[in-house]
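S.K.: In order, the protein sequences belong to chains A and B.
Heads up: the first sequence begins at 1 in my numbering, then just goes up one per residue.
Heads up: the second sequence begins at 1 in my numbering, then just goes up one per residue.
Honestly, the hints are just simulated from the structure, not real lab data.
Just so you know, not all the hints are guaranteed correct.
One copy or any two copies: either way a pair holds, since identical chains are not told apart in the list.
What the hints assert, rightly or not - Simulated crosslink set (SDA-like; lysine to any residue; CA at most 25 Å straight-line):
| # | residue 1 | residue 2 |
| --- | --- | --- |
| 1 | Lys248 | Val180 |
| 2 | Lys217 | Asp253 |
| 3 | Lys217 | Trp138 |
| 4 | Lys3 | Asp239 |
| 5 | Lys3 | Gly202 |
| 6 | Lys3 | Trp252 |
Take a look at the letters that make up each chain.
2 protein chains.
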Amino acid sequence: MNKKPLILVVNDDGITAPGIRTLIAVMNQIGDVVVVAPDSPQSGMGHAVTINETLYCNKVKIDDGPQQEYKSTGTPADCVKLAVSEILDRKPDLCVSGINHGSNSSINVIYSGTMSAAVEAGVEGIPAIGFSLLDYSWNANFEPLKKYIKKIALNVLENSLPDGVVLNVNFPNNATFEGVKVCRQARANWVEEFDRRTNPQGRVYYWLTGKFVNMDKGEDTDEWALANNYISIVPVQFDLTAHYFIPKLNNWDL
Amino acid sequence: MNKKPLILVVNDDGITAPGIRTLIAVMNQIGDVVVVAPDSPQSGMGHAVTINETLYCNKVKIDDGPQQEYKSTGTPADCVKLAVSEILDRKPDLCVSGINHGSNSSINVIYSGTMSAAVEAGVEGIPAIGFSLLDYSWNANFEPLKKYIKKIALNVLENSLPDGVVLNVNFPNNATFEGVKVCRQARANWVEEFDRRTNPQGRVYYWLTGKFVNMDKGEDTDEWALANNYISIVPVQFDLTAHYFIPKLNNWDL
Numbered sequence: 001m002n003k004k005p006l007i008l009v010v011n012d013d014g015i016t017a018p019g020i021r022t023l024i025a026v027m028n029q030i031g032d033v034v035v036v037a038p039d040s041p042q043s044g045m046g047h048a049v050t051i052n053e054t055l056y057c058n059k060v061k062i063d064d065g066p067q068q069e070y071k072s073t074g075t076p077a078d079c080v081k082l083a084v085s086e087i088l089d090r091k092p093d094l095c096v097s098g099i100n101h102g103s104n105s106s107i108n109v110i111y112s113g114t115m116s117a118a119v120e121a122g123v124e125g126i127p128a129i130g131f132s133l134l135d136y137s138w139n140a141n142f143e144p145l146k147k148y149i150k151k152i153a154l155n156v157l158e159n160s161l162p163d164g165v166v167l168n169v170n171f172p173n174n175a176t177f178e179g180v181k182v183c184r185q186a187r188a189n190w191v192e193e194f195d196r197r198t199n200p201q202g203r204v205y206y207w208l209t210g211k212f213v214n215m216d217k218g219e220d221t222d223e224w225a226l227a228n229n230y231i232s233i234v235p236v237q238f239d240l241t242a243h244y245f246i247p248k249l250n251n252w253d254l
Numbered sequence: 001m002n003k004k005p006l007i008l009v010v011n012d013d014g015i016t017a018p019g020i021r022t023l024i025a026v027m028n029q030i031g032d033v034v035v036v037a038p039d040s041p042q043s044g045m046g047h048a049v050t051i052n053e054t055l056y057c058n059k060v061k062i063d064d065g066p067q068q069e070y071k072s073t074g075t076p077a078d079c080v081k082l083a084v085s086e087i088l089d090r091k092p093d094l095c096v097s098g099i100n101h102g103s104n105s106s107i108n109v110i111y112s113g114t115m116s117a118a119v120e121a122g123v124e125g126i127p128a129i130g131f132s133l134l135d136y137s138w139n140a141n142f143e144p145l146k147k148y149i150k151k152i153a154l155n156v157l158e159n160s161l162p163d164g165v166v167l168n169v170n171f172p173n174n175a176t177f178e179g180v181k182v183c184r185q186a187r188a189n190w191v192e193e194f195d196r197r198t199n200p201q202g203r204v205y206y207w208l209t210g211k212f213v214n215m216d217k218g219e220d221t222d223e224w225a226l227a228n229n230y231i232s233i234v235p236v237q238f239d240l241t242a243h244y245f246i247p248k249l250n251n252w253d254l
């Protein structure tokens, strides 16, 4: 590549999160970096977009790197839209989202703000990757991830991605890894266990909690890879059509 | 079926919306209906779940039907989780979401609160359908949809759906239809056009607006069907893996 690639960095934990600071540091080694990220945590926002409220977006300086940074009051998907439509003067060569503090493997992909930003970029025709670490703590150790993130990003810049596909990369919670494994999304879900409480006025309210249940015994899944200390990469598409079921549906009496 | 099916009704426009009242009326003809729906509009919420705020959920009486109704402060996905985990004493035989005031065809499926409720039900192993009408107005005419909704729901109860598949049904904005067409999701997107304004304090803010662009010329898509006055049914999956791209990714130097 002759000129430096333009890289958009987004996340869902908020612009000051250690995960995104690590991602910015790695991307600064590869290209010209513009950050557009939420001003507060947006975990669990799925692919929400803001249509009934106004959005603010302001230039900020968080640390000393060469990157340009903007914080927004919107969701991760809003940040990508703002970047493409209002901030950048050309389409970025790559969009990276994360590094998320916590897993976005298997079914978590559909609840994930981190992955919604990557998917939004993909919808807009930008090669995109979401990165997540299976450690929810704010002080997680992101150092061992850096060389892998750089390599995966360079691969995407070199090979590009087909239209309609983005990458979902998850790192096990360890200082060393067995390697990288290309996987499919495991069939798993959350079994909810609402924490039912009563407020000081006597009114019942709930906190959403839950237990993750993996019913998929396949050894080609992201859950298997992560449990066996591999970095998982799942190619994710946003054509949600269950193509295989179309012929069967055509036999229904509709 | 010997005993009446248990049907969960959800939406994203809020529990008093005419769309959900129509859906409840149809479902009352088929089974025992329990409604758990947001107390205010949740459009564009994607698959958001509420993890940093508390949830309220209260029994309400909106009109005279035999259905039981609950309104919740949560998102559409939260409503399904609350229903399954806190309200219903057995797993419902069917979950229907909508009728949405506005389209959820093609890429809108990923932003849609209506479809996120159906997908959440699917994840929890409940056969599920999202219904939407291509008319955003509160006073849209839902009457012509009723017989089709009943037929599609009865088909799902009769034939069930494979694990991992839910249906996305969209109705064109017309009083009569050419029929029902099983489709794939069109490859389309929104080109954002942020409406940039200045508030009374001189601060710039944005409203998200956009133009829908369908770059998919296929005649087997939901967009084609709707433009030609067919009711579109897309089988939707939540395994987002782009399986076809796995062998190619395995050739990358990762």
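S.K.: All hints, please: hold or fail.
M.R.: Comparing the hints with the structure gives:
1. Taking the shortest Cα distances, Lys248 and Val180 sit within 25 Å of each other only across copies (14 Å), while inside one copy they are farther apart (37 Å).
2. Proximity of Lys217 and Asp253 under a CA criterion of 25 Å is satisfied in neither setting, with 35 Å inside one chain copy and 27 Å between copies.
3. Taking the shortest Cα distances, Lys217 and Trp138 never come within 25 Å of each other, neither inside one copy (31 Å) nor across copies (47 Å).
4. When the C-alpha separation of Lys3 and Asp239 is checked against a cutoff of 25 Å, the pair qualifies neither within a copy, at 32 Å, nor between copies, at 37 Å.
5. With identical chains, the CA atoms of Lys3 and Gly202 are never at most 25 Å apart, being 63 Å at best within one copy and 38 Å at best between copies.
6. Taking CA atoms no more than 25 Å apart as the test, Lys3 paired with Trp252 passes between copies only; the shortest distance there is 23 Å, against 55 Å inside one copy.
Going through the hint list in order, the structure does not satisfy hints 2, 3, 4 and 5.
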